[in-house]
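Q: Sequence:
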Amino acid sequence: MTVADTRLIAYTAQLSVRTKDVAAALTKARGLAASAGGYVSAETVSGGGEDAAGQSGQITVKVPSATFQQTLEQLSALGEVLSRRSQADDLTQQVADVSSRVQTQQASVDRVRALMAQAKTLGEITSLEGELSRREADLESLQKQLKELSARTSLSTVTLDVRREAGPVPAGAPDKGKDEGFWASVGSALGGGWNALVTIVRAVAVAIAAVTPFLLVLGPAALVFWLVRRRRSPGPAPVVPPVPAHLPHRPEPEEEREPQED
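My numbering puts the first residue of the sequence shown at 27, with every later residue one more than the last.
Honestly, the hints are just simulated from the structure, not real lab data. All C-beta atoms, glycine included, are put in the ideal place defined by N, C-alpha and C. What you were told as hints is all true, and nothing was included just to trick you.
Computed beta-carbon distance windows for the label pairs:
id	residue 1	residue 2	range
1	I234	R257	31 to 41 Å
2	Q113	D164	24 to 34 Å
3	T53	S112	17 to 27 Å
4	T225	Q95	52 to 62 Å
5	S214	L249	44 to 54 Å
6	K173	A143	26 to 36 Å
7	G218	W252	42 to 52 Å
8	S176	Q95	15 to 25 Å
9	A60	E166	26 to 36 Å
Below 30 Å or equal to it, Euclidean Cα-Cα: the simulated DSS-like pairs (lysine-lysine) are:
id	residue 1	residue 2
10	K54	K88
11	K46	K88
12	K170	K88
13	K173	K88
Based on the sequences and whatever the hints tell you, model everything.
A: Structure below.
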C-alpha cells in the first residue's frame, strides 16, 4: 500500500450545467449516484411546467471517495458546464488526533469505573459518580467527532446545479419588451412623484409638530404682553385741519371794555 492510499481525504465539488431538459438531467444524476454506491442527500426543483424558461434544479449526492472523480466527470457530461469547483481536504492528521484522544478518554473512564468498584463509603461513590459522568460525556463528544470525520473521508459530496436553456423566440411573437418598458417607466415616474409628495407632506407635518409646543407655551404670553402694552400706550393726537388759503382772514373780536365812571 502506498503512502497516498493511507491518506484520509474529504472531497467536495460544486458543479453547474445548462441543459434542455432539467428533469431528465436530475433523473440521470440520481442514477449515477446509485450506480456509484452513493445516495441523494438533498434535491430541489424550481419553476413549474415543462415550458417554463426559468426552470432549474439542484441535487446533492454522496458517493464513495474512491469513485468521486469518476462521478464528477459523469455529472459534468449531463449538459454544458457553466462552472465547476472541487476541493480536497486532508483530514489524516485530524482523524489521528481525535482517535488518540478517544483512546485516552476511554482509558480514563475505565479507571474511574475500577475505582467505583473499590469504593466503600457513600461519599466516595457519590464523588466518583460525578467524575464518571463528566468523563463519559467527554468521551461521547470525541466519538461523535471521530464519526463525522470518518463520514467525510468515506463519502464525498457533489452539489449539482442544473439550469434550463432559454428557447428561441417564436417568429411573429409580439415584442412586449418595449411596451413593458414604457409602462414600467410611466409607473416608475408616478411612483417617484408620489414618493416625493409623501416626503414633502411628511416633512411639513414634522415641522408643524416640532413648532406646536412652542406656540402653545409662548402664544398666550405674547398675547397678554401685547394687550398690556396697547392699554398703556397713549392714543394718537387729534388732527387739526389746516385753514384754506382762499378764505378771508377774520379779525379776532376785541374784548369789550367796561365803561369808565366819571
